[in-house]
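**Q** What follows is the residue order along each chain.
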Amino acid sequence: MTEAVAAANEAVEPHLPKIYGETMAALPRDLYIPPDALEIYLDAFEGPLDLLLYLIRKANVNILDIPMAPLTAQYLEYVEAMRKTNLELAAEYLLMAAMLLEIKSRMLLPRPPKADNGEPEDPRAELVRRLLEYERMKLAASKIDELPQANRDYEWVSVWVTDQVAERLPEVTLHDLQVAWLSLMKQARIHAHHKVRREELSVREYMIAILRRLQGRGYVVFEDLFDTAAGVAGLVVSFLAVLELAREKLVEITQSEALAPIYVKSADVSDDPALQA
Amino acid sequence: MIQLYKPEDFKIVLETALLVANEPMPLAELKKLFDQEFDDDTWRTLLDDLRRDWANRGVELVQLATGWRFQTRPEYQGFLDRLKNERPPRYSRAALETLAIIAYRQPVSRGDIEDIRGVAVSPNVLKTLEARGWIDVVGHRDAPGRPALYATTKKFLDDLGLRSLSELPPLTEIERVMDLAEQTKQINEDAAPQEQPAEAAEQA
Amino acid sequence: MIQLYKPEDFKIVLETALLVANEPMPLAELKKLFDQEFDDDTWRTLLDDLRRDWANRGVELVQLATGWRFQTRPEYQGFLDRLKNERPPRYSRAALETLAIIAYRQPVSRGDIEDIRGVAVSPNVLKTLEARGWIDVVGHRDAPGRPALYATTKKFLDDLGLRSLSELPPLTEIERVMDLAEQTKQINEDAAPQEQPAEAAEQA
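Those protein sequence lines, which keep their order, are chains Y, W and S. Taking this note's numbering, the leading residue of the first sequence gets 3, the next gets one more, and so forth. Taking this note's numbering, the leading residue of the second sequence gets 104, the next gets one more, and so forth. Taking this note's numbering, the leading residue of the third sequence gets 104, the next gets one more, and so forth.
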């Protein structure tokens, strides 16, 4: 298949790049680069280290024991092919080519023993270190890519908040009320014309309850204003509340004769059903 | 991708899509979710079913002009507001004092409030408190002009966490605090008079 | 505001707050929801309970680097993608390798990245990752040109569902070439890259 395509290409494409006198179709088979796909493969490598790794992996050799001669040769063939199609990319590849050639030449020479421990230094050591680090990062990159990613593999939940529906109301605490009352009393003391009475709030509460009960009802029998379930204390407070309401002229209490039913009526004329149309 | 078999499976996908949607989802859009084609009645049943599932939660499924979406129930707004850093709005001093007078002296007319405060009460203050549902008119005084009498409501107690009016801070204690403040003031004129009572009141 | 009595009531408020949150909610933030103060064990119970409630749904409650958040399960993404007009772009190998180097070797300069990759790093790659909020400049190396030092952000952890950098996939110890050749082959032949993460997540 590859050869067929290559042959066809050769037929219609007279300026196919040539390497060492041979057309691209004759590239080493282990590179597996169909000539028509060369540009795609050029882009497929992320750089000289990536290409080197590919060549090492393809040859299935130990990265710690790189056969420099064949690797360098393959690499140069590739760079040559690349140089002819994509000059821009070539600089880094050429730098690597120079490094490979340098390592290869040093391998041919006897290795000088290291000064400290006498162990001979392998000229490939630095290259291997870089290759291993790059390979580690390359694998890590693909592992990171496999992690589920927000907006790609899952979505954040963010439900609409109906902000505009509920108006934010001021919060009032008991402390606020205390402070407000305190400042009022201060003013009252300064003006000294308003006497602040001390009294039980529970009486006030019953007063309001009775007023609400009388609302819109006209005369109500006195006994009906008392809730016997409230207990003795409740009854006493209710009674005090009615007296206070009468004193403040908020209710009218009537009794036609002694021992007759006592009626209580709101002093508010609008509460008199008889007066309402 | 997981396989959908039961109606429940479809509902879960629908719920998920609606929970992450950035805007109301028209039915036509939701239909893209499934390979299977359902008629509008089936869709309606599915959506109604989902809405019922959320009936007692802080979020509800609603149908708007532009489609379906999940949104918070206004009753839960108060809690969500606590997560915002902005400070809650506050009532004016006039509103707070008016509220305090109504709470401690109910039933009172506007005239009573003005007597105690020594200044006119803006109708807006009473309207605000009435709109909040904290005060209402419980009657009218049998006097010239038949002034309305204001009292606090059950909602006022609920909102302030009180079971009855008698749980309001007793006035006697407030007065004691004030006496203390005045004594302190006499002793040390430099003391900040606003600070002291507030602190003492908190301890009370 | 509604009153909370039963643990269920508190859970509903908590659920609502987490459903509407625009970002992961730290526990300290969630604590603002309630007047009542609960100890951390109670909070943990409440959150675990809520997480269990959502066990068989399309959405799950997860704890990330910066807090708690509801997110969809990857198994459901296939359905959600049907509602999207465009698929999210996959990052180029250059971008992914740059990201991996920053993640595992941070803080690193652009020069460090170029040393490891053996090629120049396009400024666009760094810009893309910065725009995503996944990396930022944490300082400058005290060297000629004072190069910027990059590190990954909390958002990077959050978006990848990690609670800390230590949860990143461990680096492969490359010793024997055979094993690695297999691994590399698998990665290169990874025909359906969208399927893999879902499967991996299911196993996790």
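Please note that a few of the clues may not be correct.
Calculated cross-link-like contacts (lysine-lysine; reagent style BS3-like; alpha-carbon spacing at most 30 Å) [said to hold, decoys possible]:
1. Lys257/S <-> Lys114/W
2. Lys187/W <-> Lys257/S
3. Lys135/S <-> Lys257/S
Hint data in this document are derived by calculation from the structure and do not stem from the laboratory.
**Q** Now tell me if each hint is right for this structure.
**A** Here is how each hint holds up against the structure:
A C-alpha spacing of about 34 Å is found between Lys257/S and Lys114/W, which places the hinted pair above 30 Å, so the restraint is violated. About 21 Å separates the Cα atoms of Lys187/W and Lys257/S, which keeps this hinted pair within 30 Å; it holds. Taken as a hint, the Lys135/S and Lys257/S pair is honoured in the structure, with Cα atoms around 22 Å apart against an allowance of 30 Å.
Hint compliance for this structure: hint 1 alone is broken.
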